[in-house]
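Here the protein sequences come in this chain order: S and E.
Residue 510 in the working numbering sits at position 358 of the first sequence; the count goes up by one each step and never skips.
Residue 293 in the working numbering sits at position 141 of the second sequence; the count goes up by one each step and never skips.
Wrong hints could be hidden among the right ones.
Note: identical chains are not told apart, hence a pair may lie in one copy or across any two.
Stated by the list, open to error - Calculated pairs, DMTMM-like style, for lysine to aspartate or glutamate (alpha carbon to alpha carbon, straight line, at most 25 Å):
#	residue 1	residue 2
1	K258	E478
2	K155	E600
3	K243	E270
4	K258	E174
5	K335	D296
6	K507	D544
7	K499	D334
8	K213	E478
9	K507	D296
What the hints contain is simulated information worked out from the structure, not anything from laboratory work.
2 protein chains.
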Amino acid sequence: MQKIRHALTVTRDADFAQWYQEVIAEAEMAEESGVRGCMVIRPWGYGIWERIQALMDARIKAAGVENCYFPLFIPLSYFAKEAEHVEGFAKEMAVVTHHRLIGDGKGGLVPDPEAKLEEPLIVRPTSETVIGAAMARWIQSWRDLPMLTNQWANVVRWEMRTRMFLRTSEFLWQEGHTAHADKADAMAETLRALEMYRSFSEEALAMPVIAGEKPENERFPGAVATYSIEAMMQDGKALQAGTSHYLGTGFAEAAGIRYQDREGQQALCHTTSWGVSTRLIGGVIMTHGDDDGLRVPPAIAPQQVVILPMLREDDGDAALLAYCEELRRALAASQALGEPLRVLLDKKPGKATGKRWGWVKKGVPLILEIGGRDAAGGQVSVLRRDRLWREDGKPNFVGQAREGFVASAAAEIEDIQRALHAEATTRRDANIVRGIASFEALAEFFSENARYPGWVELGWSRPSGAELEAVVARLKVLKLTIRNTPMGGSEVAGNCIFTGKPAIERIYVARSY
Amino acid sequence: MQKIRHALTVTRDADFAQWYQEVIAEAEMAEESGVRGCMVIRPWGYGIWERIQALMDARIKAAGVENCYFPLFIPLSYFAKEAEHVEGFAKEMAVVTHHRLIGDGKGGLVPDPEAKLEEPLIVRPTSETVIGAAMARWIQSWRDLPMLTNQWANVVRWEMRTRMFLRTSEFLWQEGHTAHADKADAMAETLRALEMYRSFSEEALAMPVIAGEKPENERFPGAVATYSIEAMMQDGKALQAGTSHYLGTGFAEAAGIRYQDREGQQALCHTTSWGVSTRLIGGVIMTHGDDDGLRVPPAIAPQQVVILPMLREDDGDAALLAYCEELRRALAASQALGEPLRVLLDKKPGKATGKRWGWVKKGVPLILEIGGRDAAGGQVSVLRRDRLWREDGKPNFVGQAREGFVASAAAEIEDIQRALHAEATTRRDANIVRGIASFEALAEFFSENARYPGWVELGWSRPSGAELEAVVARLKVLKLTIRNTPMGGSEVAGNCIFTGKPAIERIYVARSY
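One chain only, chain S, in its complex shape (with noise of 0.2 Å):
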């Protein structure tokens, strides 16, 4: 095989890291803002969380759940309860402390002191305080539950080393916040949403991932059990994709959201939250991306094939721009994944081949060029995204007849979807490591496969309180963490490596994000 020439400078292999960052500059999708943890995201980064949101919005509408919109504000007395209970409170978040700026006298500008709020106010983290005190005001009686709402929203944690799209000091998510009769109701809203994060992240995402329970030591503070979904990028690491909280009655407690039961009698509600984030996009990246740039999946590719038309700048122009046209329109006329086609003639100035690579990095799955010879002929020629290289080190382009590519067009998008799923879940499922019988063959395990360590799937005992705290601090030694607990595990034999006891279900344990 010839040696290929990729489009990035480096490769996932030379520095997974550096890679990352050049696919998110390559495609466009985001850069720095200046803002100190702060990111623009760019038109093709933002079409692929536009995507994620409506294919996700509708999954959360179909559940009956409502959107709602919170202020972004929350009152700093909100969070004071909170640090009653922890010891040594201190929470990176953004203050608010004055409502106005003044000219300093020298050309600058500064915080009027006149101006000061009497109450600083907190840039929302997250928004179960604020949401919490609005469903005391909205639920009276039993005829109000479930009460289902999710917000759309911007949220900031100050983050001191921040990464784009994985961690951000200001990121966009959305949080579904429940309430609920009976703990019954509100275990089954958790799983709801954990459920549907697991799927969409398989059907919309092509990103195989594992929905579990996460250890006592890493469950949301107050949360009664907190479930997330993890998935495998391609240096090994986990990503804790989205979470799923069953709350209990504790938050309903100090928000005071209580009901009158059909027995006239006043209870508490159990609540959860659930949410996911720009975050996905990281994962989507880690997933797909190979070393010619990202690979979007066709389920949330703003655009799912670009035809660029190899144009002259003389007469046949013309011609081959109609030409284009009509295959636009014909394209788009079909349904690939239970919508239209998104179908892009690119029509910008530019050498046709200089604009192949900036959408092979932007990732669109199909690409067709298109000469004026083509034009003439009746053909198209195309370029899979995900196969990308022949043999010989060319560009694979396949030469088809118009009329066959625009009847197949549908199918080819819908395979690539399940193409992207399938190469994703066979490296995945290749490099969860069974059968490690020691704590000490654990430890060697990782030392040994430095690079692409993967995941160890272990039976454990589910150890809890300070016997769990000496699991975690053995394993963050090694800089190891565990993910989760699948669900619907099969029944495991054999001893704990970690407590010597008999295990009783399984975990995950890998290096993570």
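Knowing the structure of chain S, use the given hints to seat chain E on it.
Leaving out everything else, chain E in the frame of chain S:
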């Protein structure tokens, strides 16, 4: 005609401001959040915003504009340039000064003095500066132009006196920002956005508006020309419902947005910006609401038809629900206004009559009440929200055969959209007064019609500078403002009532929100 017992306690006539608040509360659209100047937008209000977003976003995308996302925070220094030029600069904005909270040792929390930001951050009041900086990075040559970007986001302007949807410290909006090679192209975009807002208001919101140019004194600071759409509320006041600005090259110069033209020369871009916000919802309430609550134009109604089964908690309920579910499915299969009909079967516990008045106040276009006898006889009982009352003061339910209703429901929905627009247009046109020939007559008109003054259309000489300022000051005494000069207005005769010079264009003078 019998006395009608309206669903609200306050009528528009009795107290328009109080009526407005009651509509919002009773339609469960929004409420005070407990955070100064910020509201909670409840599902019905947010559902209307989602509809506005979906329809507006389709128009924005169809114009080739791409959505992006820019940071919530803007460094203080970005505002310094503006301050240099503005005498006594003072801006009401939320200022972030710290990035951490810590316990104060007395059970409370305080901003950590150790975590003071070197440079304060401002919560964006608008994103001109930060988007300008991005455009300066993105634009190199004429090939990159026009650059058409838009953002859907929350923004904050500290407001001393707030009113829900109309003026809140935090609000939701879209802001379009575009860069062009020359003035002609930028002006075309400015007017395209204006026309988009005009047609959107008329078609989607059923809200008639006058599109025109704002007078010089009402321009966005730094803009060369500002255009607006102005709607007349039911108290006769004007609401500025959207703006579009041609910014010339001033903003490009400040941000360094330059391009290399076809001859290889560096040139400044011409930029535009344009926006509408959740204020549109306030406009919809004050255009279409009546003494029974909101009336939502079908195009932006989260639900267009609500089916209320009259459940009796007996054996007949199952058959009734089956009939209603079948009815819902049949209705949802038809198309109104280019989309599938949005139909809700409201199975929540509670009496149908009580639920009916809830939906009346929310303004859902069609309400169906279905009892056991209707189900048995293949009937439906239909209430049109815009024809709510019979002559005898009873709700105007019309019994119809199910088949006939299903066949005509989409047409009925489209008829309601038209009827609301026609009603609002008739009222608006009836309340524009012409022929006022002197300033004294103008003053007299508004003092004699304090309750429902409407607008006055005048010809004027388009004064500028100090001459305009004198006009503005005289109008201010009467609490009047110049709204805009309508686009494509016919020729005017006579003299300007302010300057005595020959009139050269029309203006509207009104009280306003």
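Here is how each hint holds up against the structure:
no. : hint         : result
1   : K258 to E478 : neither (62 Å within a copy, 73 Å between copies)
2   : K155 to E600 : neither (30 Å within a copy, 87 Å between copies)
3   : K243 to E270 : both (20 Å within a copy, 18 Å between copies)
4   : K258 to E174 : neither (42 Å within a copy, 49 Å between copies)
5   : K335 to D296 : within (16 Å within a copy, 57 Å between copies)
6   : K507 to D544 : within (22 Å within a copy, 70 Å between copies)
7   : K499 to D334 : between (58 Å within a copy, 20 Å between copies)
8   : K213 to E478 : between (36 Å within a copy, 21 Å between copies)
9   : K507 to D296 : between (55 Å within a copy, 13 Å between copies)
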